[in-house]
Amino acid sequence: MAWRNAVVVGGVTASVLALSACGGSLGGGANGSGATGGSGASGMVAQLTFPAEVDASVGGLVNYNPLAAKPLTTTWIYEPLIVRNNISCQETPWLATKATWEGNNKLTLDIRDGVKWSDGQPFTAKDVAFTFNVGKQYPAADKAGVWTDTFGSKATSVEAKGNQVVLTFGGPAIGKYQGIIETKILPEHIYGPAGDPTKFVDKDGIGTGPFKVESYNGRRLTLARRDDYWQADKIKVQKLILEGNFDASQAALKLRSGELDAYWGEIPNPQKTFVESDPKNNHFWYAPNGATVLTGNTTKPPFTDAKFREAISYAMNKDEMSTKATYGIMKPASQSGLKLPFMADLLPSSYAGDNATLLPFDVAKANSLLDAAGYKKGANGKRTNPDGSPLAMTFTVQAGFIDFQALADVVVAGLVASGLDAKVTQIAPEAADAAKKSGDFQMLFDFTYGGCDIARGLGAKLSNQNIPTPTDIKANVERWNDPATQGVVTKLDQTTDKGEQKVLTGQLVDIMMKQFPVTALIYAPSRILYRTDKAIGWPSEQDPYGNPADDKLLIITHLTPPK
Numbered sequence: 000m001a002w003r004n005a006v007v008v009g010g011v012t013a014s015v016l017a018l019s020a021c022g023g024s025l026g027g028g029a030n031g032s033g034a035t036g037g038s039g040a041s042g043m044v045a046q047l048t049f050p051a052e053v054d055a056s057v058g059g060l061v062n063y064n065p066l067a068a069k070p071l072t073t074t075w076i077y078e079p080l081i082v083r084n085n086i087s088c089q090e091t092p093w094l095a096t097k098a099t100w101e102g103n104n105k106l107t108l109d110i111r112d113g114v115k116w117s118d119g120q121p122f123t124a125k126d127v128a129f130t131f132n133v134g135k136q137y138p139a140a141d142k143a144g145v146w147t148d149t150f151g152s153k154a155t156s157v158e159a160k161g162n163q164v165v166l167t168f169g170g171p172a173i174g175k176y177q178g179i180i181e182t183k184i185l186p187e188h189i190y191g192p193a194g195d196p197t198k199f200v201d202k203d204g205i206g207t208g209p210f211k212v213e214s215y216n217g218r219r220l221t222l223a224r225r226d227d228y229w230q231a232d233k234i235k236v237q238k239l240i241l242e243g244n245f246d247a248s249q250a251a252l253k254l255r256s257g258e259l260d261a262y263w264g265e266i267p268n269p270q271k272t273f274v275e276s277d278p279k280n281n282h283f284w285y286a287p288n289g290a291t292v293l294t295g296n297t298t299k300p301p302f303t304d305a306k307f308r309e310a311i312s313y314a315m316n317k318d319e320m321s322t323k324a325t326y327g328i329m330k331p332a333s334q335s336g337l338k339l340p341f342m343a344d345l346l347p348s349s350y351a352g353d354n355a356t357l358l359p360f361d362v363a364k365a366n367s368l369l370d371a372a373g374y375k376k377g378a379n380g381k382r383t384n385p386d387g388s389p390l391a392m393t394f395t396v397q398a399g400f401i402d403f404q405a406l407a408d409v410v411v412a413g414l415v416a417s418g419l420d421a422k423v424t425q426i427a428p429e430a431a432d433a434a435k436k437s438g439d440f441q442m443l444f445d446f447t448y449g450g451c452d453i454a455r456g457l458g459a460k461l462s463n464q465n466i467p468t469p470t471d472i473k474a475n476v477e478r479w480n481d482p483a484t485q486g487v488v489t490k491l492d493q494t495t496d497k498g499e500q501k502v503l504t505g506q507l508v509d510i511m512m513k514q515f516p517v518t519a520l521i522y523a524p525s526r527i528l529y530r531t532d533k534a535i536g537w538p539s540e541q542d543p544y545g546n547p548a549d550d551k552l553l554i555i556t557h558l559t560p561p562k
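If you're matching positions, the sequence shown starts at 0 in numbering that gives the first Met the number 0 and goes up one per residue.
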């Protein structure tokens, strides 16, 4: 299942599982290893080939600035403070060894000792403080929103104190945590003299990361392993090649031939198109990363009625949706709004059990609930509103989005089986975006973000502060506007207490399960397709140590030659 739209959560645009057609290729031997591929000496992987991280429009432009619109790589040179796997929510210390909140307005980062920039200069807490402080002078560089009131109060100071960096805010700022820890840290000795860092053309890429630039010929970027990297003992890959942009069929061909070692875009039916050609070496994992949800406009009847929303939720054949839209890969999603089983520990005890929050497909129950709610069938077999007026439903779906259309057909079939007059209307993708902004729709597909920060994920979906505007698509597309819900989200966004977080998350789960602001359908994917002939240790359903699409730095520390 592809998710293509960007949503604005609290005023910040977050790309959500964008459909990627980017791939990579490497000229050379028939198996893609050429003269340097495969396993090298001393237990090393000689070379891996990944897709280019920029599209072909970049041409020969050289820029490694992580703040640039299209840096040649956003992954391998500049590093974050902490890597948080948003599948399992486990944190791995990186440039920061620890992050500690004092109350909800002061965050202290313990900065790792012994790290060097790739030019040999020492990395220090001053570099971290510089990276955040430069965003105060140049707001476009403030990607974490430290100096704005997005996701909490703005900062009053960011100071380096010995090997610590202390961020102090004017009020609660817990919601900024994810943005802070994932910030790519810049070298002050290079970016400091450059003025506006967003306009600096970084042609050298002096970073703390595991690789440094070896060569770039305008299309092929070669990165070489740093022997002096701070955790070099975990890096068993000597070279990375980033090259090529391919559509799904081209990427599948490159993967099958061994010219590509991993791919993060969508390839339909990967079991058949990729794995079956070489089951020993070819694998994929489409991890759950949020969910596709049926979204009715809760400001317009009949979606103003919670009983109606509940009733139609049982008319959704999610197994059929999974089969038709994702070849059975992405499973039916929990109505709780949480990724299960990964977040099962956040569920209230009343919802314990493998399927307690997974609504069954039960047309008989849907019919019974609709009858009880007053949506009676007329002589023509079609249901009417409780006041007897005609009830017709239009499902708006983006034209050309084949998977969405497959989902919509199943949704409408379930509604019709429940006696509802429902139909699918296809509109241009840009028209669907306009409808989300204006609220001029009755029913469509949207997305719930499945990250670890529940306040910014499920909470943002239900927050009345995130209702779309005429200019921005924000998370609350369904326009759920409930003061009690907002109170829960606000409290959740202001506490670091794990026990309190679980209680508040449970209250949001209750809202999802009892009031049905949206109906969860199937999980949306974070993808990786990979080969194991040159390297093993990739994340998988059996070993979900990292988000397959987002945690590439973490993944590279797990890769080793085949045994």
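Check before you lean on any hint, since a few could be wrong.
[Claimed, not checked] Cross-link-like lysine to any residue pairs, in silico, SDA-like; alpha carbons within 25 Å at most:
| no. | residue 1 | residue 2 |
| --- | --- | --- |
| 1 | K105 | W146 |
| 2 | K501 | P92 |
| 3 | K436 | A416 |
| 4 | K299 | K381 |
| 5 | K323 | S256 |
| 6 | K233 | D109 |
| 7 | K497 | D353 |
| 8 | K198 | K271 |
| 9 | K490 | T531 |
| 10 | K436 | K497 |
| 11 | K497 | I234 |
| 12 | K160 | Y215 |
| 13 | K306 | I205 |
| 14 | K306 | K551 |
| 15 | K490 | W100 |
| 16 | K330 | Q514 |
| 17 | K153 | D109 |
| 18 | K142 | Q514 |
| 19 | K551 | K105 |
| 20 | K422 | T393 |
| 21 | K497 | D112 |
| 22 | K271 | S256 |
Think of the hints as simulated: they come from the structure by calculation, not from any bench.
From a predicted model like this one, the values you see are computed outputs, not experimental measurements.
Here is how each hint holds up against the structure:
For the hint pairing K105 with W146, the CA-to-CA distance comes to about 14 Å; that is within 25 Å, so the pair holds. With a C-alpha separation of about 24 Å, the suggested pairing of K501 with P92 holds against the 25 Å cut-off. Restraint check for K436 and A416: not satisfied, since their Cα atoms lie roughly 31 Å apart, outside the 25 Å limit. For the given pair, K299 sits about 20 Å from K381 by alpha-carbon distance, which is consistent with the 25 Å threshold.
Our distance criterion of 25 Å between C-alpha atoms is broken by K323 and S256, whose separation comes to about 28 Å. As the CA atoms of K233 and D109 are separated by approximately 22 Å, the hinted pair is consistent with the 25 Å bound. A threshold of 25 Å between alpha carbons decides the hint, and for K497 with D353 the separation of about 23 Å falls inside it, so the pair holds. Proximity of K198 to K271 is assessed by CA-CA distance (about 45 Å); at most 25 Å being required, the pair is judged violated.
Using a Cα cut-off of 25 Å, the hinted pair K490 and T531 is violated, with the two alpha carbons roughly 46 Å apart. The suggested pairing of K436 with K497 is violated, with an alpha-carbon distance near 35 Å, which exceeds 25 Å. The straight-line distance between the Cα atoms of K497 and I234 is roughly 34 Å, outside the 25 Å bound, and the hint therefore fails. Restraint check for K160 and Y215: the C-alpha separation of about 39 Å exceeds 25 Å, so the hint is violated.
For the hint linking K306 to I205, the alpha-carbon distance of about 58 Å lies beyond 25 Å, and the restraint is violated. Our distance criterion of 25 Å between C-alpha atoms is broken by K306 and K551, whose separation comes to about 44 Å. For the given pair, K490 sits about 16 Å from W100 by alpha-carbon distance, which is consistent with the 25 Å threshold. Our distance criterion of 25 Å between C-alpha atoms is met by K330 and Q514, whose separation comes to about 23 Å.
Distance check on the hinted pair: K153 and D109 sit about 21 Å apart at the alpha-carbon level, within 25 Å; holds. Proposed proximity of K142 and Q514 is contradicted: the alpha carbons are some 35 Å apart, above 25 Å. Straight-line distance between C-alpha atoms of K551 and K105 comes to about 30 Å, which puts the hinted pair past the 25 Å bound. A threshold of 25 Å between alpha carbons decides the hint, and for K422 with T393 the separation of about 5 Å falls inside it, so the pair holds.
Proximity of K497 to D112 is assessed by CA-CA distance (about 29 Å); at most 25 Å being required, the pair is judged violated. Distance hint between K271 and S256 is fulfilled; the C-alpha atoms sit about 15 Å from each other, no more than 25 Å.
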